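Undergrad: Here is what each chain is made of, one letter per residue.
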Amino acid sequence: MDIVVILVPVAVGLGGVFAWLFVRAARSGQFDDLDDPPLRMLQDDE
Amino acid sequence: MSTLPTADRGELACPHCGDAVPEAGLFCCHGCELAYAMVQDAGLADYYARREVSAPRPVPLTGAWDAVTVRVRDDGQAEASLCVDGLRCSSCTWVVEHLLERTEGVSEARVSYATGRTRVVFDPATTSLHGLAERIAGLGYAPRPVDAPEGRDELLSRLGIAAFCTANLMLLSASLYVGWFDGMEVRFQTLFRWGSLALATPIALYAAAPFFQGAWQGLRARTIGMDVPIALAVAVLYGHGVAQTLRGAEGYLDSLGMLVTLLLVGRVLERRGRRAAAEASAAIASALPTSARRRTATGVEEVPASELSRGDVIEVGSGQELPADGRVLQGEGQVQMSLLTGESAPVAVGQGAEVVAGALLLDGSLIVTVDRGGDETVAMQMAEAVRDATTRPVPPDRIEAMAPWFTGVTVGLAGLAGLGWGLTAGLEAGLQVAVATLVVACPCALGLSGPLSMAAGLGAVARRGVLLRDGRQLLALGEVERLALDKTGTVTVGQPAVRGGSDEVVRLAAALERSSHHPVALALLAEARLRGLVVPLAHDVREVAGVGIEGVVEGRALRLRQGGPGAVVLEEGATSVGLIRLGDAPREDARAAVAMLQRAGLQLTLLSGDHTSVTEAIGGWVGVDEALGGLHPDDKAAWLQAHDAAFVGDGLNDGPALASARVGLSMHTGVTSSLLLADGVVTQPALRPVVAAIAGARATADALRSNTRRALLYNTVAIGAAMAGLVNPLVAAVLMPLSSAWIIAGALSVPRRMERLEASWTSS
Numbered sequence: 007m008d009i010v011v012i013l014v015p016v017a018v019g020l021g022g023v024f025a026w027l028f029v030r031a032a033r034s035g036q037f038d039d040l041d042d043p044p045l046r047m048l049q050d051d052e
Numbered sequence: 080m081s082t083l084p085t086a087d088r089g090e091l092a093c094p095h096c097g098d099a100v101p102e103a104g105l106f107c108c109h110g111c112e113l114a115y116a117m118v119q120d121a122g123l124a125d126y127y128a129r130r131e132v133s134a135p136r137p138v139p140l141t142g143a144w145d146a147v148t149v150r151v152r153d154d155g156q157a158e159a160s161l162c163v164d165g166l167r168c169s170s171c172t173w174v175v176e177h178l179l180e181r182t183e184g185v186s187e188a189r190v191s192y193a194t195g196r197t198r199v200v201f202d203p204a205t206t207s208l209h210g211l212a213e214r215i216a217g218l219g220y221a222p223r224p225v226d227a228p229e230g231r232d233e234l235l236s237r238l239g240i241a242a243f244c245t246a247n248l249m250l251l252s253a254s255l256y257v258g259w260f261d262g263m264e265v266r267f268q269t270l271f272r273w274g275s276l277a278l279a280t281p282i283a284l285y286a287a288a289p290f291f292q293g294a295w296q297g298l299r300a301r302t303i304g305m306d307v308p309i310a311l312a313v314a315v316l317y318g319h320g321v322a323q324t325l326r327g328a329e330g331y332l333d334s335l336g337m338l339v340t341l342l343l344v345g346r347v348l349e350r351r352g353r354r355a356a357a358e359a360s361a362a363i364a365s366a367l368p369t370s371a372r373r374r375t376a377t378g379v380e381e382v383p384a385s386e387l388s389r390g391d392v393i394e395v396g397s398g399q400e401l402p403a404d405g406r407v408l409q410g411e412g413q414v415q416m417s418l419l420t421g422e423s424a425p426v427a428v429g430q431g432a433e434v435v436a437g438a439l440l441l442d443g444s445l446i447v448t449v450d451r452g453g454d455e456t457v458a459m460q461m462a463e464a465v466r467d468a469t470t471r472p473v474p475p476d477r478i479e480a481m482a483p484w485f486t487g488v489t490v491g492l493a494g495l496a497g498l499g500w501g502l503t504a505g506l507e508a509g510l511q512v513a514v515a516t517l518v519v520a521c522p523c524a525l526g527l528s529g530p531l532s533m534a535a536g537l538g539a540v541a542r543r544g545v546l547l548r549d550g551r552q553l554l555a556l557g558e559v560e561r562l563a564l565d566k567t568g569t570v571t572v573g574q575p576a577v578r579g580g581s582d583e584v585v586r587l588a589a590a591l592e593r594s595s596h597h598p599v600a601l602a603l604l605a606e607a608r609l610r611g612l613v614v615p616l617a618h619d620v621r622e623v624a625g626v627g628i629e630g631v632v633e634g635r636a637l638r639l640r641q642g643g644p645g646a647v648v649l650e651e652g653a654t655s656v657g658l659i660r661l662g663d664a665p666r667e668d669a670r671a672a673v674a675m676l677q678r679a680g681l682q683l684t685l686l687s688g689d690h691t692s693v694t695e696a697i698g699g700w701v702g703v704d705e706a707l708g709g710l711h712p713d714d715k716a717a718w719l720q721a722h723d724a725a726f727v728g729d730g731l732n733d734g735p736a737l738a739s740a741r742v743g744l745s746m747h748t749g750v751t752s753s754l755l756l757a758d759g760v761v762t763q764p765a766l767r768p769v770v771a772a773i774a775g776a777r778a779t780a781d782a783l784r785s786n787t788r789r790a791l792l793y794n795t796v797a798i799g800a801a802m803a804g805l806v807n808p809l810v811a812a813v814l815m816p817l818s819s820a821w822i823i824a825g826a827l828s829v830p831r832r833m834e835r836l837e838a839s840w841t842s843s
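Protein sequences, first through last, are from chains A and B.
Per the numbering used here, the first sequence starts with residue 7, numbered consecutively.
Per the numbering used here, the second sequence starts with residue 80, numbered consecutively.
In isolation and in its complexed conformation, chain A is listed as follows:
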């Protein structure tokens, strides 16, 4: 059962990496406008 001492922090840490990625994405404005990018994609020159 000693492995728990390692695995639990590892699991939380791994989740933490994703939480950090999410926060970074939110702060850089990735979720600000969810409607425009799919339309913008259809423009030829962009």
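Everything labelled a hint here was simulated from the structure, so no lab data went into it.
Facing chain B, a subset of chain A residues (Cβ under 10 Å, in silico):
1. Val14
2. Pro15
3. Gly21
4. Gly22
5. Phe24
6. Ala25
7. Phe28
8. Val29
9. Arg30
10. Ala31
11. Asp39
Please read all numbers here as calculations on a predicted model, not as lab measurements.
A virtual CB, placed ideally from N, CA and C, is assigned to each residue, including glycine.
Given the structure of chain A, go ahead and fit chain B onto it with the hints provided.
TA: Then chain B, alone, in the frame of chain A:
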């Protein structure tokens, strides 16, 4: 619609706005010439090749531009928002965006395709927001100052962190609670407790910060808002948790995480709703033209559309949109009113006809007396209504809004119980009772049950073929007692088909209708193809509003006109050549669906603009309770309002009805703008999905009611017991997630309830 409107009868068309050019010259006005030069200078000539709709004529810039907040960033660049109205196609957006980007001093420009909201970053030393707005106005589009957008805040990040920490906190806590009963090695217990504290700390200090800020601001302003009890609860729970962990006891920090996460979910949803409302109304406003040509005593002047008022006389040319509601004074033409009605087939209008702002004049030219201008137009009223409807708090929002109050009451009760026990049994016991009361209370029913049931209901209904705008419509649909159905296109297939007529008559009639997109024309052409007839060419074809279509085929001057209900007559001069009978068949599932809806206890009414006799015949056949024919779109709207009924229409000229019904569903027509007015869309060409939607709506309401009962029961018993000192914090901490699971299970029962309801309606 990919052709550019050109000026009538061979005159030169202005390369910028497409209007006729007076006398000698290339442009219709100086403004257009400047706009054209500006586009060419910026190297954006491509715009004229790729646009689908002509640009509006430039009008002078209006608006209080100096009052707009311009944010100066750390790097010295200024950032500002504005909204550009009059963007009609993606090329409009493209040209505005690129024109801004190629303006000296501008480093970044983003124009939203959906709403026209524009964000610019520029060097304040080189240019100004006013200057940029003038440039956009110079193109013919209408920049409008907007409130600074709610800056990108941390709310989403806070929710992300809170959700992540809470999920892990619950795993650790669950292990600890199980360990309490089953035994657990002390070192694991210590690890998990300190781990819990580590995870709870970002929740209390970072994620819950808005509540503390709100509480502080409230206290300073001497008003106690909802944030005060929430902040208090967070502080007590966290402080207690820290103290317990230091002492080597249970901290119950998972309830803190749950509380903060749920409240943050509520905040995010609330903000999204507000934003969606603002954008929905902006989308309508931006579809309206921004300038108008008003007649004056001396001639014609270009004025901003917002300045039009009752009694003004305006000119509208081919390819332009009407800037105001009014009546045609002179002229005739074809208008397309897809913005308002979803009807993409053009309607012929002549003298005296009513036209509305946003309608596109496809050909001809009109002189219109304005009845309602500016903010009073039907379209603007609609925009206003959309904004109102989405900001007004209604049932689901009310439930969500109760969550903070619930927290407040709980904190109050906990404080009361803590005080009582503290005074009689000592500080330690008082604290224990207070914490147990806080922990045991389940805000889940209020915070989660509403959105979850709604999502389950919307999902279940969508799988069956009805897409609803949001949960409000679902709830309203569950409450209605009357349902009105449009006849053509809803109860019937909606496509007239030729039922009788000789080959010769069909052949000639088809020739006249060859270039028309009217449903009758399509039916005639389809019939001609079916019969293998060769359709000759027609000359001098003209649609005469209210009469029919006339032209020359094979040297004969023919006229095709309405010949009583369900028939068209082909005439040559005064003599009739022949009659073609047209019919519209009821949908295959119409009878079955109507029977099910009646067993569901709904009063069904058939509403139609068609003749009363035809309407009653169809109504009798499908079995509705009442069939009303000969109704104007406005009559339908008035009837629906008077009877508080839901309505299913086909989006073709049912615009007002869809808008004024309690819940307006539009049959799938492929016209996206009808969605603007409808509360939902039936995605299959059938009526059965409507039955499913009613069942789903009622199932959702049932689930909500039962959840409210469960929550009330649980909270009364649990909080009561906790206050009486019968529940220790550990039991409370185990009970809380269990009660949440109970509520969530209730919310997820919607599809099952829906199937049960439907099954009970099928049995005859």
